[in-house]
Amino acid sequence: MNQLTIKSQEALQAAQQLAQESGHQFIENLHLLKGMIQIDENVLPFIFKKLNVNLALVIQLIDSSLSALLKVEGGDIQLSRDASKTVNGAISIATKMDDEYVSLEHLLLSLFDGKSTAAHILKDQGITKSQLEKAIEELRQGSRVTSASAEETYNSLK
89 MNQLTIKSQE ALQAAQQLAQ ESGHQFIENL HLLKGMIQID ENVLPFIFKK
139 LNVNLALVIQ LIDSSLSALL KVEGGDIQLS RDASKTVNGA ISIATKMDDE
189 YVSLEHLLLS LFDGKSTAAH ILKDQGITKS QLEKAIEELR QGSRVTSASA
239 EETYNSLK
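Adding 88 to a residue's 1-based position in the sequence shown gives its number in the numbering used here.
Bear in mind the hints are in silico, worked out from the structure with no lab data behind them.
Note that this is a predicted model, so its numbers are computed, not measured.
Certain hints may be false.
Here are the computed lysine-lysine pairs in the BS3-like style, where the Cα-Cα straight-line distance is at most 30 Å [stated by the list, open to error]:
(1) Lys222 - Lys211
(2) Lys217 - Lys138
(3) Lys203 - Lys184
(4) Lys184 - Lys159
(5) Lys137 - Lys173
(6) Lys203 - Lys138
Across the chosen pairs, the derived CB separations fall in these ranges [stated by the list, open to error]:
(7) Gln126 - Ser218: 35 to 41 Å
(8) Arg232 - Ser152: 35 to 41 Å
(9) Gly162 - Asn142: 32 to 38 Å
(10) Gln148 - Glu240: 26 to 32 Å
(11) Pro133 - Arg232: 29 to 35 Å
(12) Asp186 - Ser155: 39 to 45 Å
Note that CB positions come from ideal geometry on N, CA and C, so glycine has one too.
With the sequences and hints as input, model every part of the structure.
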């Protein structure tokens, strides 16, 4: 089981593009979190609103942290060690949740579990893991991720 939903694939592509445009050699969790925010209209906005997170502030903190990263000319862009852990962790979380695809909420939970700058930005907003899990439960309303377009159905569940 390592199929990604369409939105998860788009988030990874957005993260890669962001790293490339910024002159970064590695896709970090910061790129991934910003990519998720950029491409998603259902999952993260619902969760952040539920948890009273100031999205504009989160984006500002991500951008500030990204600008501090080392810039490199040329070369292949690849996942950093932290971002690889996030993706692999998301696969494990999806399996534990009995889901067939890795969705944005799996990536968010896995990223939150880490010690990266992106995880600290979220934790500094006062988010706890239990609050995050509860918001995801509310979003999903008992549904499982059984298709590549699962996130698209969440809006209709609200």
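**Asked** If you check the beta carbons of Gly162 and Asn142, does the distance land in 32 to 38 Å?
**Response** With a Cβ separation near 37 Å, Gly162 and Asn142 satisfy 32 to 38 Å, so the hint holds.
**Message:** Tell me if the straight-line CA distance from Lys222 to Lys211 falls inside 30 Å.
**Reply:** Roughly 15 Å between the alpha carbons, so the hint for Lys222 and Lys211 holds.
**Asked** Would you say the C-beta atoms of Asp186 and Ser155 sit inside 39 to 45 Å of each other?
**Response** For Asp186 and Ser155 the Cβ distance comes to about 40 Å; the hint holds.
**Item:** Satisfaction of hint between Lys138 and Lys203, Cα-Cα up to 30 Å
**Value:** Holds - the C-alpha atoms of Lys138 and Lys203 are around 23 Å apart, at most 30 Å.
**Asked** Taken at face value, is the distance from the CA of Lys138 to the CA of Lys217 at most 30 Å?
**Response** Measuring from Cα to Cα gives roughly 13 Å; hence the hint holds.
**Prompt:** For the pair supplied as a hint, Lys137 and Lys173, is the alpha-carbon distance within the 30 Å limit?
**Reply:** Within the cut-off at roughly 27 Å; holds.
**Item:** Distance restraint evaluation - Pro133, Arg232, Cβ atoms, bounds 29 to 35 Å
**Value:** Between Pro133 and Arg232, where Cβ atoms are some 21 Å apart, the hint is violated.
**Item:** Satisfaction of the hinted span 35 to 41 Å by the C-beta atoms belonging to Gln126 and Ser218
**Value:** Violated - the Cβ-Cβ distance for Gln126 and Ser218, about 27 Å, lies outside 35 to 41 Å.
**Prompt:** Has the given pair, Lys203 with Lys184, been kept, meaning a C-alpha gap of at most 30 Å?
**Reply:** Roughly 21 Å between the alpha carbons, so the hint for Lys203 and Lys184 holds.
**Asked** Is 35 to 41 Å a correct range for the gap between the Cβ atoms of Arg232 and Ser152?
**Response** About 37 Å separates the Cβ atoms of Arg232 and Ser152, which means 35 to 41 Å holds.
**Request:** For the pair we were handed, Lys184 and Lys159, check the Cα-Cα distance against 30 Å.
**Result:** Roughly 37 Å between the alpha carbons, so the hint for Lys184 and Lys159 is violated.
**Message:** Verify the CB-CB distance for Gln148 and Glu240 against the hinted window 26 to 32 Å.
**Reply:** holds, 28 Å
Of the numbered hints listed earlier, those contradicted by the structure are 4, 7, 11.
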